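Chemist: Make a model of the complete structure from these sequences and hints.
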Amino acid sequence: MSTYLGMPTAPPGVGHLRGTQPFDIAARRALGNSQLRRNLANATSTIRARRAAVVGELPDWEALREAGRAIKAETMAHLDRYLEQLEEQVTARGGTVHWARDAIEANRLVTGLVTDAGAREVVKSKSITTDEIGLNEALAAAGITAHETDLAELIVQLGHDRPSHILVPAIHRNRAEIRDIFLREMPGADPGLTDAPADLTAAARTHLRQRFLAARVGISGANFAVAETGTLGVVESEGNGRMCLTLPETLITVMGIEKVIPRWQDLEVFLQLLPRSSTGERMNPYTTLWTGVTPGDGPQRFHLVLLDNGRTAALADQVGRQALHCIRCSACLNVCPVYERTGGHAYGSVYPGPIGAVLSPQLTGVEENASLPYASSLCGACYQACPVKIDIPSLLVHLRARHVEERRQRRVPSPESVTMAAAAWVMASPGRYAAAQRAGQAGRVLGRDGRIRRLPPPLSAWTSARDAPVPPPETFRDWWRRERGTAQ
Amino acid sequence: MTARDEVLGRIRGALGGTGAAPGAIPRDYRSAAGMGPAEVLDRLSERLRDYGCRVYRVTAGEVPGTVAAALAERGARRVVVPPGLEPRWLPSPPPGTEFITDDGLSPAALDSLDGVITGAALAIAETGTIVLDAGPGQGRRVLSLIPDYHLCLLRAGQVAGLVPEAIARLRPGQPLTWISGPSATADIELSRVEGVHGPRTLDVILVADA
Numbered sequence: 001m002s003t004y005l006g007m008p009t010a011p012p013g014v015g016h017l018r019g020t021q022p023f024d025i026a027a028r029r030a031l032g033n034s035q036l037r038r039n040l041a042n043a044t045s046t047i048r049a050r051r052a053a054v055v056g057e058l059p060d061w062e063a064l065r066e067a068g069r070a071i072k073a074e075t076m077a078h079l080d081r082y083l084e085q086l087e088e089q090v091t092a093r094g095g096t097v098h099w100a101r102d103a104i105e106a107n108r109l110v111t112g113l114v115t116d117a118g119a120r121e122v123v124k125s126k127s128i129t130t131d132e133i134g135l136n137e138a139l140a141a142a143g144i145t146a147h148e149t150d151l152a153e154l155i156v157q158l159g160h161d162r163p164s165h166i167l168v169p170a171i172h173r174n175r176a177e178i179r180d181i182f183l184r185e186m187p188g189a190d191p192g193l194t195d196a197p198a199d200l201t202a203a204a205r206t207h208l209r210q211r212f213l214a215a216r217v218g219i220s221g222a223n224f225a226v227a228e229t230g231t232l233g234v235v236e237s238e239g240n241g242r243m244c245l246t247l248p249e250t251l252i253t254v255m256g257i258e259k260v261i262p263r264w265q266d267l268e269v270f271l272q273l274l275p276r277s278s279t280g281e282r283m284n285p286y287t288t289l290w291t292g293v294t295p296g297d298g299p300q301r302f303h304l305v306l307l308d309n310g311r312t313a314a315l316a317d318q319v320g321r322q323a324l325h326c327i328r329c330s331a332c333l334n335v336c337p338v339y340e341r342t343g344g345h346a347y348g349s350v351y352p353g354p355i356g357a358v359l360s361p362q363l364t365g366v367e368e369n370a371s372l373p374y375a376s377s378l379c380g381a382c383y384q385a386c387p388v389k390i391d392i393p394s395l396l397v398h399l400r401a402r403h404v405e406e407r408r409q410r411r412v413p414s415p416e417s418v419t420m421a422a423a424a425w426v427m428a429s430p431g432r433y434a435a436a437q438r439a440g441q442a443g444r445v446l447g448r449d450g451r452i453r454r455l456p457p458p459l460s461a462w463t464s465a466r467d468a469p470v471p472p473p474e475t476f477r478d479w480w481r482r483e484r485g486t487a488q
Numbered sequence: 001m002t003a004r005d006e007v008l009g010r011i012r013g014a015l016g017g018t019g020a021a022p023g024a025i026p027r028d029y030r031s032a033a034g035m036g037p038a039e040v041l042d043r044l045s046e047r048l049r050d051y052g053c054r055v056y057r058v059t060a061g062e063v064p065g066t067v068a069a070a071l072a073e074r075g076a077r078r079v080v081v082p083p084g085l086e087p088r089w090l091p092s093p094p095p096g097t098e099f100i101t102d103d104g105l106s107p108a109a110l111d112s113l114d115g116v117i118t119g120a121a122l123a124i125a126e127t128g129t130i131v132l133d134a135g136p137g138q139g140r141r142v143l144s145l146i147p148d149y150h151l152c153l154l155r156a157g158q159v160a161g162l163v164p165e166a167i168a169r170l171r172p173g174q175p176l177t178w179i180s181g182p183s184a185t186a187d188i189e190l191s192r193v194e195g196v197h198g199p200r201t202l203d204v205i206l207v208a209d210a
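One line per chain: the protein sequences are A and B, in this order. Anchor point for the first sequence: position 202 equals 202 in the working numbering, and the numbering is continuous, going up by one each time. Anchor point for the second sequence: position 168 equals 168 in the working numbering, and the numbering is continuous, going up by one each time.
Because the hints were derived from the structure by calculation, they are not lab data. If you're wondering where the values come from, they're calculated on a predicted model, not measured in any experiment. It is possible that part of the hints are untrue.
To be verified - Here are the computed distance ranges between Cβ atoms for each label pair: (1) Gly112(A) / Gly65(B): 51 to 59 Å; (2) Ile100(B) / Gln318(A): 35 to 43 Å; (3) Ala108(B) / Leu183(A): 26 to 34 Å; (4) Arg466(A) / Gly34(B): 51 to 59 Å; (5) Arg120(A) / Ala108(B): 14 to 22 Å; (6) Glu228(A) / Arg57(B): 34 to 42 Å; (7) Arg54(B) / Pro191(A): 31 to 39 Å.
All C-beta atoms, glycine included, are put in the ideal place defined by N, C-alpha and C.
Modeler: Here you go:
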């Protein structure tokens with residue numbers, strides 16, 4: 001358990017990996033919002049049905065999942081080598097590779113590159129990694145305006161809001177809310193704008209068109225980077241990604257170090273797994289694959305920023321490192337009974353849902369996101385949906401154990417550890433155990449109809465949401481002795 | 001220490017002594033569709049129509065007439081053409097229609113045009129995908145991005161069955177654009193809307209092998 005202690009985690013005070021409240025408190029507030037719950041239930045059930053249809057169409061889906069899992073495991077085992085190869089290939093093809101230890105360094109690097117290009121505005125295609133590091137805030141502090149161009153990211157940005165889903169960041173908003181945001185925040189929006197999705201989309205197209213055509217610097221994330229060839233890949237639907245990747249003179253791509261894949265051939269696996277798991281399409285409308293700089297076509301300056309920001313801390317945990325296999329499809333969010341009810345904001349991180357509950361605590365250190373590994377019923381639906389077979393339930397249990405283990409190092413024991421120590425002492429001796437059971441039978445006076453509706457504190461925390469069963473009139477061991485006449 | 005050395009050092013420290021590397025990658029998925037040539041073309045047409053594209057299946061001799069008809073149907077009058085597009089595929093411009101060969105048109109100039117005609121590097125039947133690799137007759141990536149109408153000409157021999165067949169045929173160094181239907185979004189209540197920033201309309205002319 002000691003190997004990962006030395007690895008620096010994502011620094012606090014920058015970016016969006018930590019919520020201001022523990023999950024259980026934030027979730028309670030979210031559950032009180034019936035509009036949010038309706039929006040989420042509609043959206044997640046729609047996308048679950050779409051995914052199921054296109055996944056069911058492939059006879060070799062399980063073989064693809066297994067290949068995806070194996071490629072990611074192999075990548076992690078040789079991550080240093082593949083990153084060096086990627087750097088070499090990108091550089092040979094005219095790109096420049098930068099390395100960033102954390103969010104602060106990445107933000108400084110990107111801000112410097114934008115300033116060097118002489119730009120005061122940038123267009124951004126959707127990138128959770130740049131949300132993770134709080135890049136827009138860092139650019140704003142340097143006087144640079146970042147225009148989000150993905151429709152959902154634009155809705156989030158104009159609504160002064162936070163993303164709540166990996167694929168559909170504005171999933172928590174319905175059409176009427178989006179119309180209100182556009183009318184309020186979009187300069188020159190037509191007051192007659194309806195809330196039909198087609199009209200809202202057309203308004204976004206008009207709003208962004210001139211910004212694209214005038215953009216000098218584009219910023220993107222990356223879905224894949226092929227070490228063997230130096231090829232970067234972005235999958236998308238709207239064409240805003242293509243605009244950002246091809247129109248500006250300068251392209252800056254910010255990528256977590258875990259996104260590298262070893263070989264060109266590996267794309268054939270992920271380009272099948274990702275769209276079907278993510279949007280539930282046979283293929284997403286647009287995929288751009290580019291290698292360095294191509295004279296006369298697209299940006300003539302290309303910068304690739306490779307970001308750690310706690311990823312090596314996750315890598316150091318031999319069990320936890322599986323979370324780095326994630327290809328950000330969001331299938332686990334859509335099948336999660338907890339996510340479906342609370343939405344993404346309750347997780348406090350740009351990585352919500354089951355994968356966020358195992359990724360965010362590893363990036364920040366478990367103690368700084370200690371409530372997240374408990375934000376699950378361990379039902380296992382996420383594991384079944386994951387296109388690269390990340391065993392999220394086992395990771396959740398592992399991180400709960402790490403959390404308990406790390407708290408044990410503290411001076412003042414927690415109520416939980418005191419209770420567990422007492423239980424261990426009781427259960428270590430048959431006599432003490434029998435005495436405790438008999439003492440428990442005193443609880444029968446609290447019950448009616450076989451149920452206890454209210455227990456005194458601190459046990460009231462249990463009965464605030466559910467009944468407790470009344471202890472039985474005799475224990476199993478008493479029954480056995482009475483029926484069989486012996487304690488054996 | 002540079003950030004590069006430090007991050008690589010952290011990775012090596014994190015991996016240190018974690019034992020044997022994982023074995024070979026099991027690639028037990030399909031690498032070929034096992035469909036006959038006619039079946040592959042039918043599958044591609046079906047998938048493209050699912051995306052709302054119009055698919056014209058024609059012989060080589062019918063291409064110019066079909067191009068003229070498709071442009072008329074979609075009301076595309078000023079159309080950009082990349083250098084290297086097979087000249088015998090283009091009709092002589094009908095009255096009021098203009099073909100403009102790309103010689104480095106600015107984004108603003110492209111924005112004033114109605115459509116683009118391109119060839120392709122290949123297509124993938126199973127996913128209804130067209131792949132452009134910026135080769136002759138395909139042009140710069142922006143050509144198939146900014147104009148609102150994209151008419152794509154495909155030869156039957158360019159159609160692969162599955163994604164792995166396409167990956168094996170493509171050249172990695174070229175800038176690649178994979179196109180599966182028109183630009184679309186589902187960002188508002190997961191309801192699909194076509195035509196966001198890329199072309200709102202994509203049609204395909206599938207040319208039988210001579």
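Chemist: Which earlier hints can't be squared with this structure?
Modeler: Hint 2 contradicted; others consistent.
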